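Based on these hints, arrange chain B on the given structure of chain A.
Number of protein chains: 2
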Amino acid sequence: MDETLLMLPGPTSVAPRVLKAMSDNIVNHRSAIFGEIFTETTELMSEVFKTQNQSYLLTGSGSSAMEAGLVNIVKPKEKILAIVGGKFGQRFTNIATSFGIEAKELNVEWGTAVTPDEVKVALEEDEDIKAVTIVHNETSTGVTAPVEEIGKVVANHDALYVVDTVSSLGGDRVDVDKFGIDVCVAGSQKCLAAPPGMAAITLSDDAWKAVDNVDSNTYYLDMKKYRKAGAGTPPETPYTPSVSLIYALFEALKIIKEEGLEARVVRHETAAEASRNAVKALGLELFPEESVSSATVTAVKMPEGVTDADLRGTMRNKYKVELAGGQDHLKGNIFRIGHMGNITYKELAITFSALGMTLKNLGFDIDMGAGVSAVNESYL
Amino acid sequence: MDETLLMLPGPTSVAPRVLKAMSDNIVNHRSAIFGEIFTETTELMSEVFKTQNQSYLLTGSGSSAMEAGLVNIVKPKEKILAIVGGKFGQRFTNIATSFGIEAKELNVEWGTAVTPDEVKVALEEDEDIKAVTIVHNETSTGVTAPVEEIGKVVANHDALYVVDTVSSLGGDRVDVDKFGIDVCVAGSQKCLAAPPGMAAITLSDDAWKAVDNVDSNTYYLDMKKYRKAGAGTPPETPYTPSVSLIYALFEALKIIKEEGLEARVVRHETAAEASRNAVKALGLELFPEESVSSATVTAVKMPEGVTDADLRGTMRNKYKVELAGGQDHLKGNIFRIGHMGNITYKELAITFSALGMTLKNLGFDIDMGAGVSAVNESYL
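These protein sequence lines map, in sequence, to chains A and B.
Going by my numbering, the letters in the first sequence line up with residues 4 to 383, in that order.
Going by my numbering, the letters in the second sequence line up with residues 4 to 383, in that order.
So that you can see chain A by itself, here it is in the shape it has in the complex (with noise of 0.2 angstroms):
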């Protein structure tokens, strides 16, 4: 298989104790023995969301985690409030429309981030919103929201509060019940660093009783299923789970809860900031404002002149290091360089030791040692 080191906004790399978990014998997801692994599975989420309530597993992307966590508990022709600044915000926006339910968008530039005050005003606007969409980790521009403050807006509201922390649980600052989060949502593959395939939710008691009030209009994500198989002897799925990915998912669960959630969370912002200099150093630019930039992925401006099949290609066909592109309008006009999971110092060095060459290849007139180095004084 491939050995070329993944630094993406996920899929991450897997610590090999989870690949070993993950292959595993298969057992029947309706026994008690699986009931158990279950179970520890699901409190061990709601311990990394910071939450009281339980947890649910779905076999399914991330995505599917968003659409279950929007139409549940808003019906269709209700209004939702959407901030987007990137293109997992806008998936909310798309969700929404999908199912009949109307999108007012609360656009904030590509880069930078939306203000609680901006919120504040959008909510005071229209008394109609039934629920505030947000992604706290925005990994298609490297900019982290304040999703704290703005949930002390939200709480002054009616509104349920709707946090996506795919690529922020386990790598950024997550407090579920602390923020006023109403329904949060995470995947497997980011900072979990778990393989990809499973989604994880939550939902405060307010959103349950929205829940309520919502006539299923879906089946697979229908959160009404998931309360009830999950209340079960032994609790269960609905439907046949990822056996196995419960088991990667479970062991990684526990590495995290071995190294400690604040740990991790500094680990995750040594490794932004050690990047950010990185890039400085190589004299390339941040394409988000620092102040707003995330801990688990840095955007990067493409320099002038240079083609992402350039830059992106001889990383990975060269030095055997993959990074990802831009999306949507940014494809070309930036590279993203994920730092999720088990990140350390030897992989930034990997990294900017091959972007240096890369640079170098490309003709750039540069220090090629200069990201190595403020790698290292990051992490001194």
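Careful: at least some of the hints might be erroneous.
A pair counts as met if it fits within one copy or between any two copies, since identical chains are not told apart.
[Claimed, not checked] Straight-line distance between alpha carbons at most 20 angstroms, and here's what the computed PhoX-like set of lysine-lysine pairs gives:
hint: 1; residue 1: Lys90; residue 2: Lys231
hint: 2; residue 1: Lys90; residue 2: Lys334
hint: 3; residue 1: Lys90; residue 2: Lys228
hint: 4; residue 1: Lys23; residue 2: Lys334
hint: 5; residue 1: Lys227; residue 2: Lys90
hint: 6; residue 1: Lys334; residue 2: Lys231
hint: 7; residue 1: Lys181; residue 2: Lys257
hint: 8; residue 1: Lys80; residue 2: Lys181
hint: 9; residue 1: Lys107; residue 2: Lys349
hint: 10; residue 1: Lys363; residue 2: Lys123
hint: 11; residue 1: Lys323; residue 2: Lys231
hint: 12; residue 1: Lys107; residue 2: Lys321
hint: 13; residue 1: Lys257; residue 2: Lys323
hint: 14; residue 1: Lys363; residue 2: Lys53
hint: 15; residue 1: Lys123; residue 2: Lys181
hint: 16; residue 1: Lys227; residue 2: Lys257
hint: 17; residue 1: Lys123; residue 2: Lys107
hint: 18; residue 1: Lys53; residue 2: Lys82
hint: 19; residue 1: Lys80; residue 2: Lys107
hint: 20; residue 1: Lys123; residue 2: Lys78
Hints listed in this document are in silico derivations from the structure and should not be mistaken for laboratory results.
Fair warning: this is a prediction, and the values are worked out from it, not measured in the lab.
Relative to chain A, chain B alone:
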């Protein structure tokens, strides 16, 4: 991990070589290297479906493919004919109802199979049927429906033919193009013998025409998005797929190709015949009519005075063989022996050895070895 022998109608035991493939390094799901694996996997899926059409992989349970297969081709308020002879046939009705689609049920007694004539009459009675849904192999009752013959009936009407082969594909004869199937759905964890968590779907040209006429009322399972992403270079999924489970499915499909589809079906038929003979040799009664009994799961009436906990509990706890119970109103009234995937005389020898001892434990005056003898007779 648990060493219990799984004799379930899914999930089934997975070959070590599949588990090994699954634990390979995660790669970028939008890379050329993954595109190759993905393409080969979907091509093998189409070979197993026996269709010239493209197959699509969904990160989800088999039920996600049932939903995708129905709600992408039928609009809310339109009508389907749902053939219901068990829990999974019923599921199509439930999905339809969740999406505001009218489901006219053709109910057949659980344990019997619908006849082509009954379908003919139902279709002639109602011109407005947009699609007919049927479960090829109803695991809840152990019955196989005559999907080929019903396909000929549906072909005479202006209705699409939606067939759930979740628990038959790779274990019983499925020939999508020859049977005139418009939408065929499957799951990874049944006769394909891959871990649970992936589903597959294929659509005919007529089905795709219907898709183009239906406004998407789903997001995660919107087949238009799968078609678009699948047509890209490299072919992709719209959302991050279960990379590891696709490795596993790819390996499982290679095993199927090595064995040969027809040889594999014959192997399942032999296991089914051996199981039925062994059940009868132990003095037990089959639940379904034997003429329509399944090639992949044998449903057995619970002996008088024996509880599910007695029988399946003893099998599981004392003899480490896991059987399935009855579902819905059949709970406690039947038990089910899955013989799907990598099943040979060996697993059946263990299972009927255990069942003989279990019945003896429960006070039955039987020839304990009669089950295994019947298995041997069938295989000799």
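How the hints compare with the structure:
no., hint, verdict
1, Lys90 / Lys231, "between (33 angstroms within a copy, 17 angstroms between copies)"
2, Lys90 / Lys334, "within (12 angstroms within a copy, 47 angstroms between copies)"
3, Lys90 / Lys228, "between (30 angstroms within a copy, 16 angstroms between copies)"
4, Lys23 / Lys334, "neither (36 angstroms within a copy, 36 angstroms between copies)"
5, Lys227 / Lys90, "between (29 angstroms within a copy, 19 angstroms between copies)"
6, Lys334 / Lys231, "between (43 angstroms within a copy, 18 angstroms between copies)"
7, Lys181 / Lys257, "neither (23 angstroms within a copy, 50 angstroms between copies)"
8, Lys80 / Lys181, "neither (31 angstroms within a copy, 43 angstroms between copies)"
9, Lys107 / Lys349, "neither (44 angstroms within a copy, 61 angstroms between copies)"
10, Lys363 / Lys123, "neither (48 angstroms within a copy, 72 angstroms between copies)"
11, Lys323 / Lys231, "neither (46 angstroms within a copy, 29 angstroms between copies)"
12, Lys107 / Lys321, "neither (45 angstroms within a copy, 60 angstroms between copies)"
13, Lys257 / Lys323, "neither (30 angstroms within a copy, 28 angstroms between copies)"
14, Lys363 / Lys53, "neither (45 angstroms within a copy, 52 angstroms between copies)"
15, Lys123 / Lys181, "within (19 angstroms within a copy, 60 angstroms between copies)"
16, Lys227 / Lys257, "neither (28 angstroms within a copy, 38 angstroms between copies)"
17, Lys123 / Lys107, "within (14 angstroms within a copy, 49 angstroms between copies)"
18, Lys53 / Lys82, "neither (28 angstroms within a copy, 45 angstroms between copies)"
19, Lys80 / Lys107, "within (12 angstroms within a copy, 28 angstroms between copies)"
20, Lys123 / Lys78, "neither (23 angstroms within a copy, 39 angstroms between copies)"
In summary, the structure is inconsistent with hints 4, 7, 8, 9, 10, 11, 12, 13, 14, 16, 18 and 20 from the numbered list given earlier, while agreeing with the others.
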